[in-house]
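S.K.: Taken in order, these protein sequences are the chains called A and B.
Just so you know, we're using our numbering here: the first sequence kicks off at 1 and counts up by one.
Just so you know, we're using our numbering here: the second sequence kicks off at 1001 and counts up by one.
Derived by calculation from the structure, the hints in this document are not laboratory data.
Think of the CB as a built atom: it goes at the ideal place given N, C-alpha and C, for glycine as much as any other residue.
Please note that a few of the clues may not be correct.
[Stated by the list, open to error] Under the rule of at most 25 Å between Cα atoms (straight-line distance), these lysine-lysine pairs were calculated in the BS3-like manner:
{"id": "1", "chain 1": "A", "residue 1": "K284", "chain 2": "B", "residue 2": "K1475"}
{"id": "2", "chain 1": "A", "residue 1": "K226", "chain 2": "A", "residue 2": "K164"}
{"id": "3", "chain 1": "B", "residue 1": "K1030", "chain 2": "A", "residue 2": "K361"}
{"id": "4", "chain 1": "B", "residue 1": "K1389", "chain 2": "B", "residue 2": "K1365"}
{"id": "5", "chain 1": "B", "residue 1": "K1155", "chain 2": "A", "residue 2": "K164"}
[Unchecked claim] What follows is a list of derived Cβ distance ranges for each label pair:
{"id": "6", "chain 1": "B", "residue 1": "A1301", "chain 2": "A", "residue 2": "A54", "range": "21 to 29 Å"}
{"id": "7", "chain 1": "B", "residue 1": "D1189", "chain 2": "A", "residue 2": "V178", "range": "48 to 56 Å"}
{"id": "8", "chain 1": "A", "residue 1": "P30", "chain 2": "B", "residue 2": "L1471", "range": "28 to 36 Å"}
[Stated by the list, open to error] Some but not every residue of chain A turned toward chain B, in silico, with C-beta under 10 Å:
{"id": "9", "residue": "R314"}
{"id": "10", "residue": "A318"}
{"id": "11", "residue": "P367"}
{"id": "12", "residue": "S390"}
{"id": "13", "residue": "S404"}
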Amino acid sequence: MPFIANTDKQREQMLNESGMSAEDLFADIPADLRCNRLQIGRGLSEQEVRRHMAALSDKNASGLISFLGGGFYDHFVPAAVEAMASRSEFYTAYTPYQPEASQGTLQAIYEYQSAICRLTEMEVANASLYDGGTAVYEAVMMAMRITGRNRVIVDEAVNPVYRKILRSYTTNLGIEFVQTSWHDGGADREKIAAELNDQTAAIVVQNPNFFGCLDDFADLADAAHKHGALLIVSCYPISLGMVRTPGQMGADIVVGEGQSLGLALAFGGPYLGFMATRKKFVRKMPGRVVGRTVDSEGRDGFVLTLQTREQHIRREKAMSNICTNEGLCALTATIYLSLLGKEGLRELAQTCADKANYAQKRLLEIPGVTTHFPNRWYFNEFVLRLPVASAQRVIRRLLERGISAGFPLSRYYDDMENSLLVAVTEKRTKEQIDLLAHTLEVSL
Amino acid sequence: MKLIFEKSVPGRRAYRPADDDIDAPARIPKNFLRDRPAALPELSELDVVRHFTELSNRNFGVDTGFYPLGSCTMKYNPKVTERISHYPGFVHLHPLLPQLPGGEMLVQGALAVLHDIDMMLREICGMAAFTMQPLAGAHGELTGAMIIAAYHADKGNDKTTILIPDSAHGTNPASAAIAGYDVQTVPSDDTGVMDIDALAEAMNDKVAAVMLTCPNTLGLFNPRIKELCKMAHDVDALVYYDGANLNALLGRCRPGDIGFDLVHVNLHKTFATPHGGGGPGAGPVGVCEKLIPYLPTSVIADKPDGSYWLDYDRPKSIGYIAPFYGNFAVILKAYIYTLMLGTDGLERVSQNAVLNANYVKEKLKAHFDLPFGQTCKHEFVLSASRQAKNGVRAMDIAKALIDRGFHPPTVYFPLIVPEAMMIEPTETESKETLDTFIAAMIEIAELAQSNPEELTGCPRTTPVGRLDETLAARKPDLASLE
Chain A
1 MPFIANTDKQ
11 REQMLNESGM
21 SAEDLFADIP
31 ADLRCNRLQI
41 GRGLSEQEVR
51 RHMAALSDKN
61 ASGLISFLGG
71 GFYDHFVPAA
81 VEAMASRSEF
91 YTAYTPYQPE
101 ASQGTLQAIY
111 EYQSAICRLT
121 EMEVANASLY
131 DGGTAVYEAV
141 MMAMRITGRN
151 RVIVDEAVNP
161 VYRKILRSYT
171 TNLGIEFVQT
181 SWHDGGADRE
191 KIAAELNDQT
201 AAIVVQNPNF
211 FGCLDDFADL
221 ADAAHKHGAL
231 LIVSCYPISL
241 GMVRTPGQMG
251 ADIVVGEGQS
261 LGLALAFGGP
271 YLGFMATRKK
281 FVRKMPGRVV
291 GRTVDSEGRD
301 GFVLTLQTRE
311 QHIRREKAMS
321 NICTNEGLCA
331 LTATIYLSLL
341 GKEGLRELAQ
351 TCADKANYAQ
361 KRLLEIPGVT
371 THFPNRWYFN
381 EFVLRLPVAS
391 AQRVIRRLLE
401 RGISAGFPLS
411 RYYDDMENSL
421 LVAVTEKRTK
431 EQIDLLAHTL
441 EVSL
Chain B
1001 MKLIFEKSVP
1011 GRRAYRPADD
1021 DIDAPARIPK
1031 NFLRDRPAAL
1041 PELSELDVVR
1051 HFTELSNRNF
1061 GVDTGFYPLG
1071 SCTMKYNPKV
1081 TERISHYPGF
1091 VHLHPLLPQL
1101 PGGEMLVQGA
1111 LAVLHDIDMM
1121 LREICGMAAF
1131 TMQPLAGAHG
1141 ELTGAMIIAA
1151 YHADKGNDKT
1161 TILIPDSAHG
1171 TNPASAAIAG
1181 YDVQTVPSDD
1191 TGVMDIDALA
1201 EAMNDKVAAV
1211 MLTCPNTLGL
1221 FNPRIKELCK
1231 MAHDVDALVY
1241 YDGANLNALL
1251 GRCRPGDIGF
1261 DLVHVNLHKT
1271 FATPHGGGGP
1281 GAGPVGVCEK
1291 LIPYLPTSVI
1301 ADKPDGSYWL
1311 DYDRPKSIGY
1321 IAPFYGNFAV
1331 ILKAYIYTLM
1341 LGTDGLERVS
1351 QNAVLNANYV
1361 KEKLKAHFDL
1371 PFGQTCKHEF
1381 VLSASRQAKN
1391 GVRAMDIAKA
1401 LIDRGFHPPT
1411 VYFPLIVPEA
1421 MMIEPTETES
1431 KETLDTFIAA
1441 MIEIAELAQS
1451 NPEELTGCPR
1461 TTPVGRLDET
1471 LAARKPDLAS
1481 LE
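Please build the complete structure, drawing on both the sequences and the hints.
M.R.: Laid out in structure tokens, this is it:
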């Protein structure tokens, strides 16, 4: 029997020594609650299951040339990342409740928290949350705890999926949820100013935003602070290799999707939500946190700390119901950032920006194709306006030719029927970009 | 051991991301750029590899040794599931692909996995449908509480309270509260299960749901569980099954048949996906027929031609609770595991999990207090009260076990047992391993009599001794900044 060690003889011996019969084991379940034999089928051998799964894997399109982003990016992952993250001392461990036996996980998380702070130029970070979307929700809840207010302004250029998540979670909580429409591809300062008041807990923005456009939110941080509100910025960590940091802008809570930090796209997860904030707010921050301390002999060591905020101590009065972080994903991100290093991350960001710049120039050479936001700068993702009624049809044609050209913005935005969101990472070569341009041109 | 940042040498490089095929430098204006590069370490690839190898050597996992952490189901994580999760058709698949026109046909293999495991979980749990989206057990609970709220709102029920036993995991009350409910605690009776009279007293029209683990955190199956479900249904309250302890019931009894309306399953416990040092997990939620309309968006559906699609048009849905379809790679591993077990394998899991727990319980009950002595399911709870009289507390026993090569049980939980030690051996452990553990526990019990100081100084074999947690909380040092 797979994954069971004991033999029939051993089981018999164990029952005898326990003074039990095999029937006794489940005798406490009333007879009318026993189920019929499950219809799951015969167990498969390792060879059979591999064949079955290889066939399923082959039914997925893995060889597409991808310009699809939308918050989730196809970056290159060095071999050493996976080699280290797949050490089973890490991945077969539980949450580090016993610190003496878990210094590996704990120190790695402390290093992760440090790396996130250095990346965002914030003062403290937690041990990670589920993903970038639920991280925005947790940031909003945190801002409400800090300010004691329940009005939240969200820029519509924040990832639409994140806004949908925010909407579902806050349905029952009496939150006043104001969405301000974007202007010229960015957060509309006038509309936000009109909505901002002394009942506002936070303004939520994203950089680069869903359209790939760059912004500097320092003015919004000032405006929020004047009203006693907080600025929440969601950001794309690879862009922080070169882009102005939320810390520098004066953000109070910084969150983001950490998938791009060495994690596979893997059809939606597992990913990683990061969260960083100012020191003064640390006791209002949700999620696991690791701290550095000393043992009785003065040696440095690491423990889970500030646990009085958490569910296993506070139960219904906890800051959040979150019980774990995304430990292995945080470890992966830490290994990835350590390998890239200071110069490597800067260079990577520059490479992505350069390739996107080349791609945009190349695509704009196609007759009739224009840029949607000519007044905006972008990092590695930009919006094209196609000279056809529907970007959807063009995307379908390119998919048939093995190219995933980008994301149709009409899926989430009205009046953007012919808009295509194109992402370019360091993995795309000049040849692939030229092929995209050529194929798009002949498909229009 | 030094932090990775302390090993940095200016100018040293590992990975070089650039290739030189494009000469079109982006000239983003300075006001959008950071002033200086992020202060990440500068290291060679070997530096990084040595650092994380050394960290891994300071960690204890299931592959290292016995890990009887109660309510966490630390069973063996099969290697083949790791291997398959790296197949190219799974690992590189962009989650937005099915939202592109014609894109659903490009992800049929992945949708088949999500569809098939949904079917298997329905069969195993006796539920009408599952959502695979919740990203952890606690996330499943929150999703469940949101479904409960949507159901009552839809029916026009005015419900305010969720009832939860005092033996519950802390996430249960936290999830209920975060979904907007008041939480009322129901005490356990002297046999260790929910006090049915106290439940009757607490039950009224304002009760939205009862949230339960079964078997509960003491490892006990409540013989009156069906009656309890009926009491809730009589006031149109729903009954939620926290699947943390489902391992004990596989192929024996199904939450849906008992009368539970919602369940969540911890794939990282019962279905052998790795815990990852604290995530990622997966906590799919199953519901009975009448709750299907409220499941999160999207839902996998099948067409007459056998292909799968994603249904986003569900007016009564609670909406998005996660960006996509759940922690897909985790779900994938659970699917592979279930395929490999089959019906017989699932029955063997519960049989061996329950036998292993009872065997250890019977061998240890003379040496430690056992507050609830009946047949347990997958786990049981000892109390170190007897040892505590000599100054040896549950935490000292935990640390002494570390020195003897074991991961300790869960200690000080459930809260209703003083000096609790919650032991869950799981089915994958052999009699030889259990016997070594039993011998170590007996030796520790004897030392608690003869030489308690020997135990209060443990652990001695670890890279650090007991750490000053008060200092950590009073003066938080949470990051190494520049």
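S.K.: Confirm or reject each hint.
M.R.: Each hint, compared with the structure:
1. A:K284 - B:K1475: Given pair K284 of chain A, K1475 of chain B holds - Cα atoms ~16 Å apart, limit 25 Å.
2. A:K226 - A:K164: violated, 28 Å
3. B:K1030 - A:K361: This hinted pair holds, its Cα atoms lying about 21 Å apart.
4. B:K1389 - B:K1365: Distance ~17 Å between K1389 of chain B and K1365 of chain B Cα, so the pair holds.
5. B:K1155 - A:K164: holds, 24 Å
6. B:A1301 - A:A54: 21 to 29 Å: holds, 26 Å
7. B:D1189 - A:V178: 48 to 56 Å: holds, 50 Å
8. A:P30 - B:L1471: 28 to 36 Å: violated, 52 Å
9. R314: holds, 7 Å
10. A318: holds, 4 Å
11. P367: The hint is violated - P367 of chain A has no Cβ within 10 Å of chain B, the shortest such distance being about 21 Å.
12. S390: For S390 of chain A, the interface hint holds, since the closest Cβ of chain B sits about 9 Å away, which is under 10 Å.
13. S404: holds, 7 Å
When the structure is compared with the earlier hints, violations turn up for hints 2, 8 and 11 and for no others.
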